[in-house]
Amino acid sequence: MIKLNEKFNEDRRDALQEVVNIAMGQAGDSMAKLFDTFVELSIPKFHVSNIDQLRESLAGKEEYREKMTVLRQPFSGELEGEGITLFNTSGTHELATLMGYEGEITLNNEREMILDVCSILVGACLNGIASQLDMSVSYTAPSVVVANTGIADFFTAGSTNWSYALVMEIRLTLEQHSFSSNMLLFLAEDSFEPLIQRLDILLDEL
Amino acid sequence: MSTLPQETSTLVNMAVSQINAGIVILDEHSNIVLWNRFMEIHSGIKSSEAVGNSLFELFPETAGSGIEKKIKSVFLLKNLAFTSWEYRPYLFKFPNPRSVMGGEKYMLQDCTFSPMTDESGKVTHICLSVFDATNTASFQQKLLRTSASLIKQRNKLSALNRKLEEAQNQLLQSEKMAAIGQLAAGVAHEINNPIGYVNSNVSSLEGYISEMLKLLSAYEECDSLLDHNHELAQPLKQAKNDVDLEYLKEDLTDLISESKEGLVRVKRIVQDLKDFSHVDECEWQATDIHQGIDSTINVVNNEIKYKAEVVKNYAELPLVTCLSSQINQVIMNLLINAAHAIEEHGIITITTGTEENGIWLEIEDTGSGIPEEKIGRIFEPFFTTKPVGSGTGLGLSLSYNIIQKHKGKISVESELGKGTKFHIWLPIDAGITHDLDTGASTIQAKTN
Numbered sequence: 001m002i003k004l005n006e007k008f009n010e011d012r013r014d015a016l017q018e019v020v021n022i023a024m025g026q027a028g029d030s031m032a033k034l035f036d037t038f039v040e041l042s043i044p045k046f047h048v049s050n051i052d053q054l055r056e057s058l059a060g061k062e063e064y065r066e067k068m069t070v071l072r073q074p075f076s077g078e079l080e081g082e083g084i085t086l087f088n089t090s091g092t093h094e095l096a097t098l099m100g101y102e103g104e105i106t107l108n109n110e111r112e113m114i115l116d117v118c119s120i121l122v123g124a125c126l127n128g129i130a131s132q133l134d135m136s137v138s139y140t141a142p143s144v145v146v147a148n149t150g151i152a153d154f155f156t157a158g159s160t161n162w163s164y165a166l167v168m169e170i171r172l173t174l175e176q177h178s179f180s181s182n183m184l185l186f187l188a189e190d191s192f193e194p195l196i197q198r199l200d201i202l203l204d205e206l
Numbered sequence: 207m208s209t210l211p212q213e214t215s216t217l218v219n220m221a222v223s224q225i226n227a228g229i230v231i232l233d234e235h236s237n238i239v240l241w242n243r244f245m246e247i248h249s250g251i252k253s254s255e256a257v258g259n260s261l262f263e264l265f266p267e268t269a270g271s272g273i274e275k276k277i278k279s280v281f282l283l284k285n286l287a288f289t290s291w292e293y294r295p296y297l298f299k300f301p302n303p304r305s306v307m308g309g310e311k312y313m314l315q316d317c318t319f320s321p322m323t324d325e326s327g328k329v330t331h332i333c334l335s336v337f338d339a340t341n342t343a344s345f346q347q348k349l350l351r352t353s354a355s356l357i358k359q360r361n362k363l364s365a366l367n368r369k370l371e372e373a374q375n376q377l378l379q380s381e382k383m384a385a386i387g388q389l390a391a392g393v394a395h396e397i398n399n400p401i402g403y404v405n406s407n408v409s410s411l412e413g414y415i416s417e418m419l420k421l422l423s424a425y426e427e428c429d430s431l432l433d434h435n436h437e438l439a440q441p442l443k444q445a446k447n448d449v450d451l452e453y454l455k456e457d458l459t460d461l462i463s464e465s466k467e468g469l470v471r472v473k474r475i476v477q478d479l480k481d482f483s484h485v486d487e488c489e490w491q492a493t494d495i496h497q498g499i500d501s502t503i504n505v506v507n508n509e510i511k512y513k514a515e516v517v518k519n520y521a522e523l524p525l526v527t528c529l530s531s532q533i534n535q536v537i538m539n540l541l542i543n544a545a546h547a548i549e550e551h552g553i554i555t556i557t558t559g560t561e562e563n564g565i566w567l568e569i570e571d572t573g574s575g576i577p578e579e580k581i582g583r584i585f586e587p588f589f590t591t592k593p594v595g596s597g598t599g600l601g602l603s604l605s606y607n608i609i610q611k612h613k614g615k616i617s618v619e620s621e622l623g624k625g626t627k628f629h630i631w632l633p634i635d636a637g638i639t640h641d642l643d644t645g646a647s648t649i650q651a652k653t654n
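Quick note, the sequences are listed as chains A and B, same order. When you line the first sequence up against our numbering, it's residues 1 to 206, in that order. When you line the second sequence up against our numbering, it's residues 207 to 654, in that order.
Chain B extracted, bound-state conformation (with noise of 0.2 angstroms):
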């Protein structure tokens, strides 16, 4: 500053002074040579108590936080270095002048260090500078504060829209699954009729032809007595011959009895049916667990018999309070995800036991298994591991609230090309009172 005029040089103290900015000159070993009035005025040190102290001595909070790096930095490259509010709210903690309206505690700073250099370009000193940012700094905080919430409403919004979707989703899958049910029903009850006269009309036809069949037997008794040349008994002779009358009547039992047989399996399907629709039974009743496990794989035994031998483990069990047609549908979902999950033939066992209030029921499968990385995602409503447009990938899920509603459990064990073994708690009574909403349920995964 020696070679400006004496005027400027004192306009430029002056500036120094008054500008509303801490201006600090350190030298090449942080002392402090200049400390004009906005520090001493918001540091509360005087220019003389502060002019030969070093910077880290004088303000100990500074050291060991990189400051030394930055000064280095522009004692060694001529480089500015910076500290910005954002990431360090202040260098120096000077309170925040706005004290009436409060806010901030402390002012947030911006500081750039420049260096100072001589004619030779040495860099002798360096210049820190201060800046105020705490207006800009509390209206951006306020801002992001703002925006902040902003996302979390917004994430909160989306994450309801998607357990609206899933639920609508569910609802559709379980009106579908009604209309299945009614449909069924309806169909069990139109074949009831018919079912019913053929089958006293057969009893009946039975028993006229064993009455017919032994009239028949008393004429032939009497054959011998016939004159057999008399000429209508040759024509008689022939008749006999030509309807093979022996295996007529041997036929005529069997057919009558394979028809008795075939008709005793269409009432069988048709009770499965109304069994697994419970159309007018929607309600929390006491059940046969095992009743219902048996009308349902009767119900799939198309998907089944050719994949899969059924091997029945059942223990004894109490009856069991539960929607029984829901309890039917995740007995039908397990049952025929076992079915697909085995590639040619093998086995699915079914276990059944009492366990703590509850009954448990396992559907084990010989099949390919479950990946690890998709085991925990299996109950996830859409997710879906067989080709697309074979499976909706809701089904499990649908299991999965189905036995919440039961307040039961649901949990999975899979070893990928050994099988997957699914396991079912449901306690003897949640019926009582099952209030649809809070129904606890736990949901566990894992892989051996």
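Excised from the complex, chain A in its bound form (with noise of 0.2 angstroms):
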């Protein structure tokens, strides 16, 4: 963990946090482009961790503890690691217009619906902080991971095939729209040297 935090050092994590801030903006303006409605994606905060580290930390907070279906979109490339988004179902139905659906939505429409958020949302966010970094980045298709589970229960139950990981905690808000998401974004221990490289690249440029 010290040698973790040594590699973040903190003109590392301010330029990672620039990336990330301006990466946002530029999602948010998609996706407003893409549902017509003024998007809201919160600053995130990224902090690397361990998964005991981090279930505490989710445990620890209101929005993780109700019930929600998980999915998550797995990427690749020199940005390697997994987006898990949670979405709290309730609001779903909301959504079939923003997502060009037409008729009666069937609970496939909503898997659907909410793998396809899950992808736009890890992509938008994505997207924007490799091609600052000039990081090639691919995805696989999204999946559910779970229905209707506590947040803290997953982090027991599935992934333990990694040790740290960098974690950024952003929230999707659909203004007049009852809709909200939580994702976090997971990037692997294998991603930590490139990106650092990268970062010290953008550092030296300034």
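Simulated from the structure, these hints should not be mistaken for lab results.
Which residues of chain B face chain A? A few of them, derived with a C-beta cut under 8 angstroms, are: (1) Lys275; (2) Ser279; (3) Leu282; (4) Leu283; (5) Lys284; (6) Phe288; (7) Thr289; (8) Tyr293; (9) Arg294.
Just so we're clear, the structure is a prediction, and the values are computed from it rather than from any experiment. Built from N, CA and C at the ideal position, the CB exists for glycine as well.
Since each chain sits alone in its own frame, please combine them into the complex, following the hints.
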């Protein structure tokens, strides 16, 4: 952990925060065009964390205590990891018109819809980061991990094949719609080195 | 592709044509720019017919189902968009090529929409790739069906287990009740013998004493004839004063009559115990319900008498064919519950009447009442509102089953703070065809 903190020193953290802020601005802008509504993306804070620390931090937050549907959008390339999106499915019916669905919405439609939102959210945020840092990233189809569970349960049951990850928490809110979603962007340890290299290049250019 | 050498370009074209997946390139208006061989074969639409047409015109069923938004998101966000067979079995309705062995009617597909950018990074086209997922999908669906049926079976089994457990517990409880009944009958029998001769002795004693007293009176009549100066007269007078003869005569009669009263009460309790347990009469027989209620009240009087006054509103009832010991048990459960529900002192009202080839009885208390959220559960086994250790949670569930066995109905009305009323209806003749398993019974619960 000490070594990791050294790696992500203050300069690099500042640079990354700047990159992320710009990326969120772009993502919010594009998504607003896509949905034709004002989109609010929270400015993410990131932290390096292991699974226990993460679970503890999530369990402490009110918004993660409700039952949620958990979706996963894996990405690979120079940036590698997973975007975990959490939906409180009671708000998803609102999405149908926004996502261009006509007629009755079945459970399958609803699932595809939240998968789309998951992939849009992860893609929009990550593409912005990747393009600023000139890193390549590609995506695999998103999937539903679990339906209706608490997020703390999810992290005990599942993904234990990582020791440390760079975690960013981003909240998406659509104005005038009761819809919101939380995303946890996990950058795998393998991405740390290439990420730091690119951040250093960026810092050198200043 | 213009930057590729001629040879490579040909190979790429060949790959696009030969790849075992559908490749469609769309421009920003969703018009088809490229339609590969896979698409030609499965759709039956030639590339020359497809190119230049809009995807949504050629396949109108794809419109209005979120695909436009997917395409827009790829253009805007340089994103990838997907469809999965799980949620959208197919994007293009192609027949399943596995026509010989059957299975799915249509090809199940996973599709990906990927952005194609120009040198400036702007998305100009979309590459739509279509993968045949039928094999994986059918296999997975089979697995899902199997696991669903397994889950169903498991649930059925656990429900059965639960039922068995309930039945076993009720059996235990009724065995316990039977044992208590047997014990009561045994005790009653044992007490009956000595009480018999004590009773007859007390009766004889009463006769003897009254005769002795007569004799004594006769002697007293002669008192005036005695010579008071005789040397024996003094001790007689002394003895008469010592024993307080007047009090003794009065008290003797009282003692005898109180003893007789006590004996009558003991006899009645013994009779009630026998009536209540009915060890020798566990058969369906015509029963006087009022007698059952009365003897049950006597048995549980200890639990009730300090808590409540029992008011009886009895109507004329016909004899009811039932298992009287079990009906008594139900009445006992209801009476004890009523007494427990009363916090300080209240009234338990027992009302009876006839209705529709049957009789009904109501046991109403002025106790604390049952909260609305609990009233639906009171007939469940192990559901109790009493403190740990004081209620098994089986009384009402057992009562419910007994009434069910009699093809009767038991229902409850309750108001918090006012009290609870149990209503039981019993057919006059449930015993004729007492098919114990199919005893139709209804359960109703409501709060006011």
